[in-house]
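Asker: Let the sequences and hints guide you as you build the complete structure.
One letter stands for each residue in the lines below.
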Amino acid sequence: MATVEIKKLRKSFGDVETLHGISFTIPEGAFVALVGPSGCGKSTILRLIAGLEEITSGKIYIGDDLINDVEPKNRNIAMVFQNYALYPHLTVAQNMGFSLKLLKKSKAEIERAVKHTAEILGVDKLLHRLPKQLSGGQRQRVAMGRAIVRQPKVFLFDEPLSNLDAKLRVQMRAELKALHRRLATTTVYVTHDQIEAMTMADIVVVMRDGNLEQVGRPLDLYDTPVNQFVAGFIGSPAMSFLPATTMAGSSEMVLSDGQTLSKPTYAALDGRYTIGLRPEHIRLSGDGASFKVTIEASEQTGSETLLLAGLADHKVTILLRERFDTPIGGVHAFVIDPAAIQLFDTKTGVRIET
Amino acid sequence: MSANARVRRSNFLLDVTLFVICILLLTPLILLIANGFKTPQEMLVWPPTLFPKDPTLQNFHKVFTETPLLRWMFNSLTFAILSTIAIVATSALAGYIVGKFPFRTVNVIFILFLATAIIPFEVYMIPLYFQVKALGLLNSVGGLLIGYLVMSFGIFLIRQNVIASIPDELLEAARIDGAGELWIFWYVVLPLLRGPLAALAVLAFFQAWTTFAWPIIVMTRKTSFTIEVGLANFQSAYTIDLSLLSAASAAVMVPSVLAFVLLRRNFVEGIAASGMKE
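Chains as they are written, first to last, in the numbering used here: chain A, 87 to 440; chain B, 4 to 281.
All the pointers check out, no bait thrown in.
When the alpha-carbon atoms are kept at most 16 Å apart in a straight line, the in silico EDC-like pairs for lysine to aspartate or glutamate are as follows:
1) K239(A) / E91(A)
2) K159(A) / E184(B)
3) K159(A) / E172(B)
4) K349(A) / D423(A)
5) K103(B) / E139(A)
6) K159(A) / E175(B)
Derived CB-CB ranges, DEER-like:
7) E114(A) / F106(B): 35 to 43 Å
8) T81(B) / E157(A): 39 to 47 Å
9) T108(B) / A324(A): 47 to 55 Å
10) L21(B) / K191(A): 54 to 62 Å
11) V111(B) / G100(A): 17 to 25 Å
12) V156(A) / V153(B): 34 to 42 Å
Selected chain A positions facing chain B (in silico; Cβ < 10 Å):
13) Q168
14) N169
15) H175
16) L176
17) S185
18) K187
Because the hints were derived from the structure by calculation, they are not lab data.
Cβ atoms here follow ideal geometry from the backbone N, Cα and C, with glycine treated the same way.
Answerer: Rendered as structure tokens:
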């Protein structure tokens, strides 16, 4: 176990800089998810920590050691790849014992460690099989076993669940989390799926275009995103955005079709803003202002109803925790609690505390 | 005619066609073997007999006692095996490097490898001969091998296989697991290239076994001939006695056919991989 500290990390491929000076610290034993759209540089950070790419500038520490110029094999890390990267010609047991063999451990010791790990992961019946004889989920477990068996200081996961089907992914998510609780090894987990990040991580790092957008606990990101990008990226279904204007001294925020929202703190604002609405904050009844909404599409899942609707010439998503049957194209009144609304500066995207 | 009957009819036509082609291909071979067992008188009979009326082993006896045929076969075998080992080794190493380490210099070297493939051997045969002569390697396996240590097509074949079947992550996983580069090559890359390397080995072996122009200019002593050179030499010395040549050729075919039967699958893979038959 160790902390991982990243200081002003930059990486260029040729003339193109893909990481623009990233800094953050991963506490000992934490599960950190790096999340962001494709090409945001999250995998690059992971590969730099692993030593698979050369650092252009900046520093990476694992524990107290500066590892910039340390060979991957001497960093005491383990990595799980998206395509599992199991050695196709070796059995499950040989795959898992590969790193221990390289550490020149005795045969008995390797066997014991592999068996123990295989039992934790429930693959102890598969030890003599080849990777091609395993299902996707089993391969995933073996790949994790290969990482766990050597008891590294840091685990690196590069989108490990994205090749699994939806149901198995949910199951593996829980298993991975349980495994982390048991081993308490510092973990860096790269994913483009914000649900994985939200459900598994202690700390989520949101990235965009090689920059750090926000670092925080999952629910803090959800409740108080620093900007419109984070607000839109975290949460599923995603937050809806509407343009609105207000004048100095007026506590009313006016939408493009003239409907208004009011909150005393709006009086301090003046100009154009972007309103952010979480799907669950638009409700059928309760406290707040009433709005006319046109229903454009409806998806019933049994326990919930997801509506795609038009509000003030923009699309909004509404998530109801109940069944709601309404004709498509119909206009319906919904309630929005001003306390739950997020407000963003339209120009900079920065969230405004109200 | 029903569809079923049509399929049956076309299958039958296909069988007949293949059978006829098969006969056409096999007849000269059978005739060659048969000739080895014929007396000189029967050799000249027209039309030629497919099966000798009065089979004799005399031709074979004469060939093995009067010419160093076994020696030639041994020379060819030594040359072919050493050439195969060298080509497999150089192709595996170079193919892996050009496939997985795409630095600019490596790419330039790869293009140079490919460029050698478009220069016909005949162009540099003579200069190479003088070099081998200067090195004092005439009439030795060493001299014979000089042109047959590297095969540009082999490097290309292995490179394509490396790119197609060995993902980068596998090498990266091994690096993180603590493996050095040579270790990775030996324990991860080579086992995964077993199929293409076996196919390449078959190609390389037969290339060396059947080569003619280079051995005939570097091997001038009768005892150091390869089998191809020996057979050619035979022909000019014994033009009248066709039965002796037939017997020698038939004897020489034995190891080739044996090797083909044993390595049939690799052979087919090799031809499929190269997309050509020489």
